[in-house]
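> Position chain B relative to chain A; hints supplied.
So the protein sequences, as listed, match chains A and B. With my numbering, the residue at position 38 of the first sequence is 1284, and numbering never jumps. With my numbering, the residue at position 58 of the second sequence is 54, and numbering never jumps.
Bear in mind the hints are in silico, worked out from the structure with no lab data behind them. All figures in this text were calculated on a predicted structure; none of them were measured in a lab. Note that CB positions come from ideal geometry on N, CA and C, so glycine has one too. One or more hints might be untrue.
Stated by the list, open to error - Output of the computed footprint for chain A on chain B, the stretches with three or more beta carbons under 8 Å from beta carbons of chain A:
(1) 25 to 36
(2) 96 to 108
(3) 115 to 129
The lines below spell out each chain.
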Amino acid sequence: MNQASVPAVAAVELVGIRKSFPNASGNVQALDDVSLSVEQGEFFALLGPNGAGKTTLISILAGLTKADSGSACVMGFNTVHEYRDARTNLGVVPQELVFDPFFTVRETLELQAKYYGVKNASAWIDEILEHLDLTSKAKANMRALSGGMKRRVLVGQALVHKPPVIVLDEPTAGVDVELRQNLWSFIKRLNSEGHTIILTTHYLEEAEALCQRVAMLKNGKVVALDTTANLLRGMSGITVQISADATPPAWVSRGGMQASGAFGYTLSGYAELESLLAAYREANIVVKEMKLGEADLEQAFLKLTSRSAEIIS
Amino acid sequence: MSDIANTIPTPQRSAQIKRSSAPILGPGFKALFYKECLRFWKVGFQTVVAPVVTTLLYLLIFSHALSEHVKVYGGKISYVEFLVPGLIMMAVLQNAFANSSSSMIQSKMMRNLIFILLPPITSLEIFCAYVFGAMARGLTVGFFMWLLTLPFVPWHAMVPNNPLWVLAFAMGGTWIMGTLGLIAGIWSEKFDHLAVFQNFIIMPLTFLAGTFYSIQTLPALWQKVSHVNPFFYMIDGFRYGFFGVSDVNPWISVSVVAVFVVLLSVIAMRMLVTGYKLRQ
Chain A
1247 MNQASVPAVA AVELVGIRKS FPNASGNVQA LDDVSLSVEQ GEFFALLGPN
1297 GAGKTTLISI LAGLTKADSG SACVMGFNTV HEYRDARTNL GVVPQELVFD
1347 PFFTVRETLE LQAKYYGVKN ASAWIDEILE HLDLTSKAKA NMRALSGGMK
1397 RRVLVGQALV HKPPVIVLDE PTAGVDVELR QNLWSFIKRL NSEGHTIILT
1447 THYLEEAEAL CQRVAMLKNG KVVALDTTAN LLRGMSGITV QISADATPPA
1497 WVSRGGMQAS GAFGYTLSGY AELESLLAAY REANIVVKEM KLGEADLEQA
1547 FLKLTSRSAE IIS
Chain B
-3 MSDIANTIPT PQRSAQIKRS SAPILGPGFK ALFYKECLRF WKVGFQTVVA
47 PVVTTLLYLL IFSHALSEHV KVYGGKISYV EFLVPGLIMM AVLQNAFANS
97 SSSMIQSKMM RNLIFILLPP ITSLEIFCAY VFGAMARGLT VGFFMWLLTL
147 PFVPWHAMVP NNPLWVLAFA MGGTWIMGTL GLIAGIWSEK FDHLAVFQNF
197 IIMPLTFLAG TFYSIQTLPA LWQKVSHVNP FFYMIDGFRY GFFGVSDVNP
247 WISVSVVAVF VVLLSVIAMR MLVTGYKLRQ
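So here's chain A without its partners, still in its complex pose:
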């Protein structure tokens, strides 16, 4: 059979996923008809503000949460009807910092390998420990580790059965800068070898640097699904941050207060910058400081989710 004629199965296929949770005021629609597909070998980002439904979506993919309707597949295996095969092909780094206090780091990884039926995992576990800078802590009890170390053990647990699809839910939260770089070079290497990586992160610069495609969720819906390059192209122009006591009346609708305390504007080009500065002069508002920048994923994120910068800072 000509293999080239056989379309490759998607690493992850989500079709019409809906999920609601009961709360005091009725039902909250956590996911509303979410459909997306991640191809094999992709480095894919799942972004959205807190409560957008990212973790719920990952939980459904991992079989931790049951969707009200819709279907989810991992490497072509339905996560409900073929859950064993689906889970065998999936590794998940959970967002929450969880651990079993009875065991050492090595025992934790060995047990996790055995749960997946991996035999003779010692050499691979040694590799993981080395790349996650945990070799010296292999015999330490999980309770004795710092938060960043526990996070790295969680990454190791997700990789221990060498899954084709790896989901990282905020993997670098609480991890210091140097180790974050080591972790990303490790993950990038896995991706370059063909592993599919799905990432959620609050560090948008990470998603911009690493991911080929991005899905943005808001209120349980996909508000954008495109390549990172296309999303940035849609944000062509410049960004300006101005430290001042107020924003000119004519620009109130376009300048939001950012986490830094400055007013942020997205402009079509430098010609519009002149108009903005002229408006400041006419309004007798003193510009104390001004910073210019190119449009980035954060701008795209803010535009698409219509949220203030404080939420993601």
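Just chain B, lined up with the frame of chain A:
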């Protein structure tokens, strides 16, 4: 730093799609059972030594206080001989329950249950691993209890008259309690809920199951009440294995145990299959 790229069988270089193993009780079961045993063995002073010492204290106190005053089975055996199998079985049952219930509730409270919910482990494998782990702890405690009570009673009294009955009731009893512990652990949302289960159901039923007395010494009403206590059949049947004497026919006891084994196993499996309080 070693070249990790050369060690990772990737989708392109090896089988692109992985398949899970098919056995009914596969590697996930073995790993989880091993973990359950390792868990209690690591804190053996708390999970094995402490209950053995506590039960030995019961033996010393009750045998000293009551041996001259209580006659059992028409005086065929001494009170101490009567007491020991009951105490062993009580400790076996309580520890089997404690193992599965504490393991499950701790995993839920610390949220590390995710580590066994993410892998391709079936509900049957989870059930068997937790129950067999509970049985292992209960039987370990029972074995050490039996060993350490040998100096207190004539050795011939501690050699089971019918080891098969002893084994059947020990296995059946620990299965029931391990399953009950699993149910309690899944149902409980905090340690308080489990304490209610333990202090208001398990403890009274084991203490009032004829551990310290033969129910033939009770008034008629309390004899009838004892007959609706399933723990009574487990302890009475276990004791029958040692002496060949019991309050009720051992076949009735083993039937009651079998019914509860099936009933509780169905309930626990149902909870696991539906993901009750485990998966949202």
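> Does each hint fit the structure? Answer for all of them.
Outcome of the hint check:
1. 25 to 36: Answer holds; 7 residues pass the 8 Å Cβ test.
2. 96 to 108: holds (count 4)
3. 115 to 129: holds (count 4)
Consistency with the previously given hints is maintained throughout, with no hint failing.
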